[in-house]
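Enquirer: Please construct the entire structure, taking both the sequences and the accompanying hints into account.
Chain residues, written in single-letter form:
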Amino acid sequence: MTRYSAWSVIRNGLTGQKGWDRAWRDPEPKDSYDVIIVGAGGHGLATAYYLAREHGIRNVAILEKGYLGGGSVGRNTTIVRSNYMMPGNTEFYEFSLRLWEQLSHELNYNVMFSQRGQIVLFHSPPARDAAARRANTMRMNGIDAEMLTRDQVRQRVPHLDFSDTARFPIQGAILQKRAGTARHDAVAWGYARAADSLGVDIIQNCEVTGVLREGGRVSGAETTRGVIKAGKVGLAVAGNTSRLAAMAGMGRLPIESHKLQAFVSEPLKPLLDYVVAYALPGGHFYISQSDKGGMVFGGDLDMYNSYAQRGNLPIYEDVAGCAVALMPCLKRIRLLRQWAGVMDMSMDGTPIISKTSIDGLYLNGGWCYGGFKATPASGWCFASTIANDAPHELNAAFTLDRFERGLQIDEKGAGPVPKLH
Amino acid sequence: MLRIPCPFCGERDHTEFSYGGDAGVDYPQIDSTDEKAWYEAVFLRENPRGPHKELWQHNYGCRMWIVVERDTMTHEIFSAEPAHPGVKAQLEKEAAK
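Just so you know, the protein sequences line up as chains A and B, in that order.
Counting along the first sequence from 1, when you hit position 77 you're at 77 in my numbering, and nothing is skipped either side.
Counting along the second sequence from 1, when you hit position 43 you're at 43 in my numbering, and nothing is skipped either side.
Careful, some of the hints might be misleading.
[What the hints assert, rightly or not] Straight-line C-alpha distance at most 30 Å; calculated DSSO-like pairs for lysine-lysine:
no., chain 1, residue 1, chain 2, residue 2
1, B, K36, A, K412
2, B, K53, A, K419
3, B, K53, A, K412
4, A, K355, B, K36
5, B, K36, A, K65
6, A, K331, A, K177
7, B, K88, A, K419
8, B, K36, A, K419
[Stated by the list, open to error] Quick list of the computed label-pair ranges, beta carbon to beta carbon:
no., chain 1, residue 1, chain 2, residue 2, range
9, B, C9, A, P169, 32 to 40 Å
10, B, A23, A, Q152, 47 to 55 Å
11, A, R337, B, K97, 46 to 54 Å
12, B, A95, A, P169, 47 to 55 Å
13, A, W20, B, Y39, 33 to 41 Å
[Claimed, not checked] Taking beta-carbon pairs under 8 Å as the criterion, some of the chain B residues facing chain A (in silico):
no., residue
14, M1
15, R45
16, E46
Hints listed in this document are in silico derivations from the structure and should not be mistaken for laboratory results.
C-beta atoms are modelled at their ideal positions from N, C-alpha and C, and glycine is treated no differently.
Expert: Written out as structure tokens, the structure is:
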């Protein structure tokens, strides 16, 4: 792998851009590997990278039914934050944010991580109490959080609706300065290039059609490109986790698949310096401005089970209403694109990174709305779980059997209703 | 927009309804102490990609709960019938007259 550097940019600029190598190979699958990861999304690619780099397991294949990064890693609103308050989540997402802070250097690939800060608004005195509790919990765990008054929010983002007729009057906010956004495709590409350079085979257009077992233990995968043997198989196929689990003989999971839409507007001059979000009964919305100027935003799920990667119009209207309630100046902008991704909505709103009842089979899924920001830590913990056949301390709480044991991590307190998390 | 053929009100936009999830869940009797049965009913779901029987309530119409069979990939709706077995039987009886 040629290292990218300022020098390589200058040199190729002077030589007609003809000196660039392809970023990763397109290998034929071998007959067998030590580990197969199913799914070349952010989490699968990160897992393979950390398996190779942290655990020295380089004989690894990533099997992808479509193209690399074609699922939810390319379909999210790119927000990275660590404002969680339940034990299990708090330290996991903070660890992820710390990995994000080093990621571009680590991968020698610019993932355009921009710590522009996230402002989460509140709109009522009880919501202020809840926000103060969250901010205090974060700070006690060593995570940065500041409470902003209404005026302090106004100084930072003056064009939110501060009028007397605002639909959701702004009372204040939590600011997490280290939160921000990253270029989502670059994260997939950066991990792919780094994993490939360590010897990992990324095999695209290779759909897994069955999980092979010998004497109760996993022995490989049946694919559309033939049988591939492996001692360990890790599933990182969020959106399709239930289907792969059924294929592997794991039975039903505490997961429903729902679709979540995202939207991007026509490019505008710099307008919004922060990620801004709010959630209350009647409105749920998050927005940032991309480096190209597009306003990137989203809201609620479509609210019924679906595997279709396309959204419905009522949510389109709902999200547009939320956008205008927050920033009336967006009223006349035109949307450039709108799309949907399939989410694993778990029964408690918290992910699963776990061993399974089948020896050699590992599960990574249930990411709900929050998979993108978790990408580095998810890969790190899943790699550790696979390499050591035991969970890392950071994912010890994300077990599959927590539901049966009454140990759910329900950050929102919504109960076992996946669409509400 | 999904268009749901309510057996009482006719075909309506899905925004008139609220979604109640998988209709195939087998709940134990309310006084059952079988923890495994409760765990399976509360937490585990088939979550198929394809035909799925699911509950919807017609909030802005007749307020009845109905069972809709819908494809979770294509969103094609195959059937909609009352969730209450007695109401369903009555409706079928009236239709046969």
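Enquirer: Check each numbered hint from earlier against the structure, then list the numbers of those it violates in ascending order.
Expert: 5 and 13
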